[in-house]
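Chemist: Same order as they appear, the protein sequences are chains A and B. This note's numbering puts the first residue of the first sequence at 2, with every later residue one more than the last. This note's numbering puts the first residue of the second sequence at 530, with every later residue one more than the last.
Among the hints, a few may not be true.
[What the hints assert, rightly or not] Taking beta-carbon pairs under 7 Å as the criterion, some of the chain A residues facing chain B (in silico):
{"hint": "1", "residue": "Met-290"}
{"hint": "2", "residue": "Ala-294"}
{"hint": "3", "residue": "Leu-304"}
It should be emphasised that the hints constitute simulated quantities derived from the structure, not laboratory data. Glycine is no exception: its CB is placed at the ideal position from the N, C-alpha and C atoms.
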Amino acid sequence: MTATTPVPAPVRAVASVRAGDPGRAPHRPRAWTPYAFLAPFLLIFVTFVLAPALYGFWMSLHNWDFFLPEQPFVGLQNYVELFTPGALVAQQFWESMRATGIFVVLSVPLLMVIPLGLALLLNRRFRGRTFFRAVFFAPYVLGVSVIGLLWQYLLNANTGLVNGYLTQLGLDEKIPWLTALPWVWVSLVGVTVWWTMGFNSVVYLAGLQGVDENLYDAAKVDGAGPWREFVHVTLPELRPVILFVLTMTILASANMFGQSYLLTSGNPSNETRTAIMYIAQVGLEQFRMGKGAAMSYLLALLLILVSALNFVFLRQKER
Amino acid sequence: MATLTVDRPTLTPETAPAAPTRRRPRGLTGTLLLYAALLILSVIIVAPLLWMLSTSFKTTGDATAMPPQWIPPEPSVEGYTSLFADAQAPVLRWLANSVLVAVLHTVLVLVTASAAAYPLARMHFRGRNVVFALIIATLFVPGFVFLMPNYLIVDQLDWLDSIWALVVPGAASAFGVFFLRQFFASLPEALEEAALIDGANRFQIFTRVVLPLSKAPLATLGVLSFLGSWNDFLWPLYVLFNPENLTLPAGLSTLRGSYATDYPAIMAGAALASIPVLILFAFVQRYVIAGVARSGLKG
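Could you put together the complete structure from these sequences and hints?
Modeler: Structure representation (structure tokens):
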């Protein structure tokens with residue numbers, strides 16, 4: 002087999018160089034070989050992932066102001082403060098958590114349902130499938146900065162394209178898309194759906210293509226129409242993918258930062274200032290890093306809990 | 530086995546013809562409805578991008594004219610020239626910084642992740658399971674947890690306001706290691722055994738047998754890393770300061786303030802940031818989509 006495979010040709014060249022080295026038995030690499038392979042990755046991993054994960058928690062236990070000469074240990078005080086009614090930090094933090102929560106609740110259902118519909122369309126056989134799939138995915142490759150600049154212009158109340166067309170349709174009032182409730186949420190959610198629906202569609206599509214064809218044939222034999230086929234075959238078969246998309250989408254929406262930063266700057270009166278935006282302000286603008294770190298850990302714990310619940314749910318239903 | 534080739538469809542699902550899909554649209558009406566729906570959706574997706582491009586070639590007056598003008602009445606490159614002339618907004622410098630950062634970052638991810646994935650897929654050694662479990666565990670930790678501690682670490686290394694702050698910290702890709710490990714483990718071991726018997730060492734096997742067989746997943750990981758780095762927004766916003774040192778995303782966000790309503794200039798900047806990635810995406814879309822699709826199947 003080795004003689005006829007096309008790949009080992011260069012290996013044979015290597016082998017001829019090393020032919021005079023019969024001493025070492027194959028399969029017995031030197032003990033340090035695996036560690037040498039791992040070393041570059043582990044160096045970066047330990048320095049910028051493992052260490053900061055612990056360092057951050059350490060910071061959250063201190064009054065860690067970047068500009069103070071000393072960072073005194075305060076125990077869990079930073080966490081306690083977040084649960085102290087009346088504390089300014091607590092009030093602002095939970096306000097920002099509320100904004101993130103609103104965004105998650107509004108965006109996740111749309112980002113679950115619309116991409117699924119799109120994937121069902123794209124799962125049919127027709128000319129230009131690959132092309133349309135690429136078109137729907139395209140906005141996702143543009144960063145949030147481009148999306149933010151573009152939609153800030155399109156949604157401008159006075160000069161934007163959206164209100165321009167609404168005026169032509171006979172709407173007299175100019176909708177304050179980026180400055181007033183509830184329009185700010187419509188804008189932030191709408192732009193996010195426009196930006197990321199292609200991503201979820203592609204994940205769904207891969208799942209749809211893995212569904213066993215025979216199940217559909219069986220359903221047809223039983224006289225199932227398209228709707229019952231969808232409910233009784235497609236949805237159950239797709240459950241693992243749906244739960245995966247759900248988890249990913251909740252996490253992505255809970256991490257929302259750029260859209261609020263660029264489109265609404267957190268306005269009106271901090272209504273759309275998300276948790277990440279507030280954490281970044283406290284930690285990296287005001288440099289009250291101990292407090293910022295405590296908030297990060299609290300939010301992270303919550304999100305890890307959500308993903309864990311999703312996976313437990315997935316496991317349970319699989320049995 | 531003699532006919533084993535690198536292009537076996539099982540090795541590179543993304544290059545295989547799409548799985549035969551069920552359900553043709555029913556009849557002519559069905560087909561027309563399908564295309565109508567796809568066309569409407571495509572317009573919703575593409576129109577804002579065309580508007581961006583169109584505006585970048587308008588005069589400031591035309592940019593806000595109502596009713597909207599899709600074709601610039603007086604085509605102009607004013608937006609681009611005013612942007613290029615502004616020392617406070619060196620967009621070409623930002624573009625160069627972005628390219629440099631994304632390329633270096635991608636190379637670092639590919640080298641470190643593939644080297645780490647290989648022993649995890651193929652060798653038995655003390656601590657393997659612990660290392661792998663630790664790497665996987667970090668996939669579940671949201672990125673913002675690292676924001677503040679990494680800011681301090683980068684500061685200690687004197688990397689603030691330099692490209693290294695963007696290139697290195699995110700380069701330990703847990704997803705990359707997991708993704709490549711799964712692929713390496715799926716390769717037929719016989720090839721490597723043959724090379725081992727021929728006396729090749731592990732490093733030679735890795736670079737001359739395993740990596741050449743892994744072009745498709747490496748391309749997928751490379752493209753995803755490039756896009757991630759190119760579009761990264763929050764981190765560069767806080768670790769870069771000097772206008773000369775910004776990347777496009779961080780730089781563009783400063784245009785909102787300084788150019789307020791000079792939409793042709795702002796859209797010129799946005800177009801400059803979009804066109805390179807859109808062209809790249811057009812060429813490598815199957816790798817991007819394969820990577821995204823795979824993430825779902827593994828989950």
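Chemist: Interface hint check: Ala-294/A, Cβ to nearest Cβ on chain B, cutoff 7 Å. Holds or violated?
Modeler: This hint holds: Ala-294/A lies near chain B, its Cβ roughly 5 Å from the closest one there, short of 7 Å.
Chemist: Please verify that hint: Leu-304/A, Cβ, nearest Cβ of chain B, below 7 Å or not.
Modeler: Check passed: Cβ of Leu-304/A comes within 5 Å of chain B, closer than 7 Å.
Chemist: Are Met-290/A and chain B close enough, Cβ to Cβ, to be under 7 Å, as the hint says?
Modeler: holds (5 Å)
In summary, the structure agrees with every hint in the numbered list given earlier.
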